[in-house]
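Put together the whole structure using the sequences plus the hints.
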Amino acid sequence: MGEHIFFSAQDIHLSFGALVVLDGVSYVANEGEILGIIGPNGAGKSSLLNCITGFYRNQQGRVFFQGRDITHWPPHKIAKVGIGRTFQTEQLCGSLSVLDNLMIGRHLHMSANALEALVYWGRARSEQIREREKVEEVIDLLDLSHVRHEPVAMLPLGIRKRVDLGRAIVLEPSLVFLDEFSVGMNKGEKEDTVRFILDVHELKDVTIVFVEHDMDIVMDLCQRLVVLDFGRKLAEGPTEEVMGNPEVIRAYLGVPKETAVVAESSKEI
Amino acid sequence: MAFVGQLLIIGIAMGIVYGLIAMGFVLIYKASGVFNFAQAQLVMIGAWFLWSLLEWANLPLVIALVLTTVLAGLFGWVVQRLFLTPLAGQPLFSLVMITIALSAGFDGLAVSIWGGPMKTYPFALPGPESLALGPLQIGTEYVWVVGLCGVALAIFFAFFKFTKLGLGMRAASDNQRIGLSCGISVPTVFSWAWILSAVLAAWAGIFLGLRLGLDTQLHIIGLKALPVVLLGGLESLAGAVIGGVIIGLAEVLAGAYLDPLVGGGLKDLFPFIIMIIILLVRPQGLFGWKIIERV
Amino acid sequence: MARRPPGYFVRQYGQELAIVNTRAQTVLLILLLGLLFALPLFLSARWMSWFIITCIYLIAALGLNITIGFTGQVSIGHAAFMGFGAFTGAALTVHLQWPFLLSLLCSGITAAVIGTVFSFASFRLKGFYLALVTIAAHFFLHFAIMKLPQWTGGAYGLVLPVPSIAGFAFDTSQKWFYPVLVIALITVFLTKNLERTRIGKAFIAVRDNDRAASAVGINVPFYKMLSFLLGAFFAGIAGYLLASTYKSCDLAYFGLLESIWLIGMLIVGGMGVVTGTIFGTVLLRLLGFVTIRLAPSLLAAMPFLPLTAATGFTNIVFALVIILFLIFEPHGMNHLWDRFKNWYRLWPFSQAA
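Protein chains in written order, with our numbering: chain D, 30 to 298; chain Y, 32 to 326; chain R, 5 to 357.
Just to be clear, a hint being listed does not mean it is correct.
Cut-off 20 Å, straight-line C-alpha distance, at most; resulting in silico cross-link-like pairs (PhoX-like, lysine-lysine) [stated by the list, open to error]:
{"#": "1", "chain 1": "D", "residue 1": "Lys-109", "chain 2": "D", "residue 2": "Lys-233"}
{"#": "2", "chain 1": "D", "residue 1": "Lys-233", "chain 2": "D", "residue 2": "Lys-163"}
{"#": "3", "chain 1": "D", "residue 1": "Lys-109", "chain 2": "D", "residue 2": "Lys-163"}
{"#": "4", "chain 1": "R", "residue 1": "Lys-179", "chain 2": "R", "residue 2": "Lys-251"}
{"#": "5", "chain 1": "Y", "residue 1": "Lys-61", "chain 2": "R", "residue 2": "Lys-130"}
{"#": "6", "chain 1": "Y", "residue 1": "Lys-298", "chain 2": "R", "residue 2": "Lys-151"}
These are computed hints drawn from the structure, not numbers from a lab.
If you're wondering where the values come from, they're calculated on a predicted model, not measured in any experiment.
Below is the structure:
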C-alpha cells in the first residue's frame, strides 16, 4: 500500500465460532488527527482494536501502518513499531508502583541485555537514570507526582486510568488507541483526563484514536468519526457529517414505531 | 496372541486403578478448583491404613475395610478443614503450593510411621487365583478392580446428576459466589469433595498394595495418575477412567514393545511424554472444558 | 515496603537504585562480609559443612527466584536442572579430566539449555499445567542418567576427585568454603542487579500482567524463556558444586523432594525478593539441621517407629513450616523483616506505620 497512508485497516473479519463480531470493517487514520470510533455496545469497537494491536486474530483483512503490513503481528512488535494503547479495564502491574509501571513502559527505549543487567554495568545503570528522567516528565504531565511510589493496586480508578494512559504515552508512540477510557469515571475525572490527552496530542504530536461511547468527548474532540454497528461500518468522515447521517442516527436512537411497521410491510411486497 | 491379550488385560486393569486415582483429582478440582498434588499420598496412606488395621489391630478383614473407608474419609476431611479452609480466597498459587507442601509432609509422615522394608497385605482376595476367559488367564484381582470401578462410577454418576449435594458440587465448582447465593453450602461441598476423594484414593491404594506390595514409594505410582487426569480432562470423571485405561494400556505396551528398543526405562517415562504432548496439543484433554489458562 | 532510614534523603535518581544507601549500611555490609570470610576460623566442622551446603542451595534458590519469583513461571523441576548440570560437570571431570572451572561453566550451560527446552511449555501453559510439565523434568533426568551409564555411572553415580583450581586443591572444608562463598556472593549480587534493571523489570511485568507487558513492547515468550535459562544456569552451577562437595554425583540428590524444598525456601523467605530468598534458604536449612540433630532423641522416645522416621520427621516439620507461612504470612520472612524495620525506624511512633 502507499506510503502516504498513515494507518489503515482493511476488510477486517473476526468471528468466534459461529458468532460474527466483525464483518468486513475498514477505515483509515490520518497522521496527527484525533479520530473517534463509536458505536453501540457490542458493535465490535474493542474487538477491532484488539485485532489491530495483536491480541485477537482476525480471520480476514489486513492492517497497514506507515507503509508496513502489520496484520497478525504480536503485540510487542506492534508496540515496537510505534503503536500504543490503553485497555478498557486498565492493565497495570498491581504490585508495582506508578513509577515502576511507567518505567516498564520505557522498555523499548532501553537496551541493556541480560549480561549487562546481571552486572549492572555501564548502560544498564545509566539508562535507568536517563529513562527515570523521561518518566518523571510524564508523571508531571499527568499530575501523578503525589502517588508515584504507591503500588497501583491501592489507587482509585481515575488515577489508575491515568497510569494506564501514561504507560501508553511513555512508549512515545506515533499512534495511540484509547479503549473506552471514560468507563467508570465521573465527569470531573473525565474532564481532567481529556485535558491530559489533549496536552499529549499537542506536545508529542501523536495521532489519537478514541474508541468511545461517551458522545460528549467524541463530539468535542474528534475531527473524524468511524461508526460501527453489529460489526459493520456505518459511516466514516468528518464529525458533523457523520452525526447528521440518518443511518447513524437510527443506529443510536432507534426508529419510531410507525416507520418500523411501514418498513416491515414494504419489505414483504 | 495370548501374550497380547494378557498385556491388554493388565494394562486395562492398571489403567482402571489409575482412573480411580484420577477420579479423586477430578472430584476435588471440580468442586473447588484446587489441583491436589497430594492425591498420590492419599492413595498411599489409605493403603497403609488398611495394613495397620490388619497387622497392628488384628481386625477381621471386612471390619478393617469398612474402618479404612471411614478413616480415609475422615483424613480427607481433616486435611481440607485444617489446611485448605484457612486459605480460602487466596490466589491459586498458594492453594497449589499448600498441596505440594502437604505431599512432601505426607511422604514424611508415611516414612515415619510405616517406613522400612516392603510389606504385604496379610490376606488374599476371595475366589480363585485367576479366571479363565478363553485362552486368557485373568487374575481375580483385576476382576475386582473393574467391578469396583464400575460400581464407583455408577454411584458418582447418579450422585452428581440426581442428588442435591451432587448438583451443589457442580454448581459450586462452576462459580462459587453463584453457588453461595443459591443456598449451597460451599464449605460443605469442599469437605465432601475431599472426603470422597480420599475414599477413592484409599481403595485405589488397596488394590495397588495388593498387586505391588506396600512401601513408601507407592506415591510415585500416584504421580503417574497426573497424565491420566490431563488426558481425560480435569472436569470429567468418566474421562478420568477412560484416560486411565488409555495410559495404562500405553504404559504396558510401551514396556513390551518400546522398552526392548531402548534398553528399558521408557515404560515409566512414557505416560509423561504423553502428558506433555497432550498439554501442548490439546490441553483440555479428551473431555475437559476448553477454559484453560492458555497464553 | 520498608521506609528509608530517618534522615536519609535521596537527591539523585541513581541513589534510589543503589543497594546500599547510608554510610551506616555500607559499614554494616563490610563488617558482615568480613565476618563471613572469617567463619572458617571458628566454625566447627559440622557447621562448616552446613554452611557450604546452604550456600549451594542459596545459589540454586536464587536461580529459581528468577523463574518463579520475578517472572511468575511455576517450576517444580529445579532440582532436576541441578542434576542435569551436576552430571554433565561430573562426567567431564571424571571421564575427560576437564579442569574444575571449565566443568563448572559447562554444568551451568547444559542446565541452561535444558531449562530453555522446558521453557517452551511456558509459552502455552500457565500455573499448575506448567508445574506438571516441570515435574516431568525429574523423570527425564532419571531416564537420561540410566540410559547413559558409561557417562553417568547409572544408578551408582560418579565419584568425583577433590576440586582444584590451577593446581591448588580444596581438600579441606576450610579451603573449599571460600570458592563456594565467593560464588554464592557473586550470585546474590548478580540477581540483585537483575532486580533493578530493565530485564528484571520486564520479568516482573510478565509476572504481574503479561498483556500490559506485551503492549509496551516486551516480548513475553522471550522473557519467559530467559527466566528459565538464567534460573537453570544457576541451578546447574549449584548442582555441580553440590556434587563436588559430596565428592559424588548421585540421582538421589536431585529428586522431586529437593525441588519442593527449593520452592519452600522461596515461599518461607518471601517470593520474588532476593533478600527473601536468602532468609528462606537459611531458615529452612537451619530447620533441617535442627531436626536431624533432634532425630535420635525422637527415635529414642518413640522406639516403635522405624529408623526411617528420622528423615520422615524432617519432611513433616518442613511441610508444616511452609504451610504455616502460606496461611499466616504468605509474603514470607522478608515481609516480617520489612515490618520490623519500619517499626524500628519509626519508633517511638511505630503506630504510624
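Structure-based check of all given hints:
Taken as a hint, the D:Lys-109 and D:Lys-233 pair is honoured in the structure, with Cα atoms around 17 Å apart against an allowance of 20 Å. Restraint check for D:Lys-233 and D:Lys-163: satisfied, since their Cα atoms lie roughly 13 Å apart, inside the 20 Å limit. With a C-alpha separation of about 18 Å, the suggested pair D:Lys-109 and D:Lys-163 falls inside the 20 Å cut-off, and the hint holds. As the CA atoms of R:Lys-179 and R:Lys-251 are separated by approximately 15 Å, the hinted pair is consistent with the 20 Å bound.
In summary, the hint linking Y:Lys-61 to R:Lys-130 is supported, as the alpha carbons are separated by about 19 Å, within the 20 Å threshold. Straight-line distance between C-alpha atoms of Y:Lys-298 and R:Lys-151 comes to about 13 Å, which keeps the hinted pair within the 20 Å bound.
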